[in-house]
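> Given chain A's structure and the hints, the job is docking chain B onto it.
Listed here are the chains, written in short residue letters.
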Amino acid sequence: MSEFAIKAENLAKAYRLGGKADDYQTLRDVLAGAAMGPVRAFRSLVRRKRVIAGDKRTIWALRDVSFEVKTGEIVGIIGRNGAGKSTLLKVLSRITSPTKGQARIRGRVGSLLEVGTGFHGELTGRENTYLNGAILGMKKIEIDRKFDEIVAFAEVEEFIDTPVKHYSSGTYMRLAFAVAAHLEPEILFVDEVLAVGDVLYQKKCLRFMDNVAKAGRTVLLVTHDMAAIESLCQKAFLLDRGRLILAGDTRQVIDAYLSSTYVQDANNLAERTDRQGDGKIRFTSISVRKKDGSPIDVIQCGQEVEFSLSYVRHSSVIGHLSLYINVLTLSGQQMLLLGNAMLGSNFDAVPETGEFSCVIDRFPLLQGQYSVNLLCTINDIVADYIPRATEITVEGGDFFRTGVPAPQNAGGMLIPHRWRVSE
Amino acid sequence: MNHERRGASVNHPDGSTGLHKIRLLEQPSETITVESNELTNNRAGTEGEHSGVELSAPPNEVLIQPTQRWASLNLGGLWEYRELLYFLAWRDVKIRYKQTALGMAWAVLQPFLAMLLFSIFLGRLARMPSDNAPYPLFAFAALVPWTFFANSLTQASNSLVGSADLIKKVYFPRLIVPISVVLGGLPDFALSFFVLLIMMAYYRRYPPLTLLVWLPLLVILMMITVLGVGLLLSALNVKYRDVRYVVTFLTQIWMFATPVFYPASLLPPRWRLVYSINPMVGVVDGFRWALLGRVNTPELSIMISAASALMILVIGLLYFRRMEETFADVV
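Those protein sequence lines, which keep their order, are chains A and B.
Residues in the first sequence are numbered from 821 upward in steps of one, following this note's numbering.
Residues in the second sequence are numbered from 973 upward in steps of one, following this note's numbering.
Hints should not be assumed to be uniformly reliable.
BS3-like, lysine-lysine: derived pairs with alpha carbons at most 25 Å apart [as the list claims (entries may be wrong)]:
1) Lys959(A) - Lys1066(B)
2) Lys890(A) - Lys1034(A)
3) Lys827(A) - Lys1140(B)
4) Lys1024(A) - Lys966(A)
5) Lys1055(A) - Lys1023(A)
6) Lys966(A) - Lys1034(A)
7) Lys1140(B) - Lys985(A)
8) Lys920(A) - Lys890(A)
9) Lys1140(B) - Lys1066(B)
10) Lys1023(A) - Lys1034(A)
11) Lys1066(B) - Lys985(A)
12) Lys1034(A) - Lys827(A)
13) Lys827(A) - Lys890(A)
14) Lys959(A) - Lys1034(A)
15) Lys1140(B) - Lys920(A)
16) Lys985(A) - Lys966(A)
17) Lys1034(A) - Lys1055(A)
18) Lys1034(A) - Lys1024(A)
19) Lys1024(A) - Lys1055(A)
20) Lys1055(A) - Lys890(A)
21) Lys985(A) - Lys1024(A)
22) Lys960(A) - Lys827(A)
23) Lys960(A) - Lys1140(B)
24) Lys1070(B) - Lys985(A)
25) Lys1140(B) - Lys959(A)
26) Lys985(A) - Lys960(A)
27) Lys827(A) - Lys1055(A)
28) Lys960(A) - Lys1066(B)
29) Lys1066(B) - Lys966(A)
30) Lys966(A) - Lys1023(A)
Honestly, the hints are just simulated from the structure, not real lab data.
Chain A extracted, bound-state conformation (with noise of 0.2 Å):
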């Protein structure tokens, strides 16, 4: 017999836009509508509104996801932001219930969906560490027994009676991923806690991946951290928009993603659903091209380049006009922000629809892989925001022009200066 460790069928989830749809209740309405009929007005605050197919509000974060994961199985997630790889987890461990389908899990589960979760500044790190323990799922006399682990483990041991709230952030961190570390579920699911924290700590989570992996448990990990689920996973799944479009050996997978999103949809933005704002603009798409127009697929660190950013305006009033692309590594950490608004250049009318577009001439940041935020503001308030609009790969270049490439391996950006020594 094959045993699995989760088996999922047919899993869906939607969720409702609110919004504009006069279906938004509020309380009011609510009251409103109970002078009229107080049975109806019951039943509304009963009823979890019903998703209808084919409604333009109604988003399918997970559409027909069907798989099965063996026990001892180590899974890679990839797929871009809003795939519904986030989604996937929390449905799988119970935080919010599927629309359709079902999926059968055995065995202890926990779930790592963020590191520290429950902590509260007042509580010292010994309190801390047992109330995160027991938010995580483990028994108090479990807790005991590892406590000193912890301790040493997070490297703690002189301020582990001191209120967190006085921690520097790295041993913040450290202390609530020593207690998630120590967690010994038999199936792990595990979001995006690898990509935050400094170098020191991603390498804990790394080796604490790696015993996890030695340790024969189910894991299903999401990351946008190609290099480490290379390195953990014998299978991956591809997700995109809701549907698992791929699942099989890591290589295959991951190259699949990446030629996916760099070459096909990845700068198409008109059906993104992962963006807020009141619509009065749209970005339709984004494109980065070199001076003479032509597309580029790789920026070098000093090239010229041009962000344009097509849309679409709704709204026949506009005001004050803001952009702004900020680019940021694939951690989360901001490296860049460019805006119109900041050069004092708003723009006040714009063609229905039309082409923004920002030009830098010398690219600053070193190589590595990076997103891009895109913006838009209307009398300041948010008309269109796209979190990871796309993702960009730089590669060192010749920033100063003196034929002396950017050093390898440094991350991080470069800016005009001067030198000079004196006595």
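Coordinates of chain B only, in the frame set by chain A:
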């Protein structure tokens, strides 16, 4: 509708880290309401089966499914998570008076100051009757349970929203959150009750021993009442943040509808039983009766209050349970 500025929370289908990264820019807040399809499936997700399993035991299977219309209450799941319940209640107690100069003294000061005010304005000036007990004692005997009720109710109503972090990131029976708040209020109650005993000694009033038997039952009745109303309000608060403002007002009105600063005997006898549908009438009247003794015994009124409290609890549980599955999506 200016929905961009609404203070509601964001719960994205993808709980992405990238979302909050543009911190220096204005963050839009858009509400996403979530619906659960009302499939007539045979069985709801079986709660609590998974986490209590010992590592050596054969793995239990958990079935994850869309929720049923009226899911069963599943109190077994609650038992599995009793340690978490304990830790959350303990956390509430621990942090309640952190960074206050007076600390635990507040537990006593709140009802005590109210008692002083009532005694001066109502006892002295307005000559409010007090069933032959000294007015300060008469008021304090009611304020001790009332303060517990009012504080716990306010906190319980905000408990789910206040624990949004937990609810979105970890699975556990959500009932634990409001229950832990109610349990966490007990140390405060015990402390002010102790002061009440001191006051009784000062006035040389000794409770009739037979009636002391009633006290634990009255405490339970008090907790059931808070829990029932708290469950309803906390679940409503997830969807309608209006509740936060309603609660303040509600507890004020409720105090007038409860014999806190006046005796229940002020009401015409024929209204007394209808009045007892308010469960806190039975609690407060019962406290006075058990501690101070009185001519007419309020057993019947306590019974009515108890029945009404149980009814509220059942309604609260059902509503809470029904909404439970959507909390993580809406909160």
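> Can you name, in rising order, the numbers of the hints this structure does not satisfy?
22
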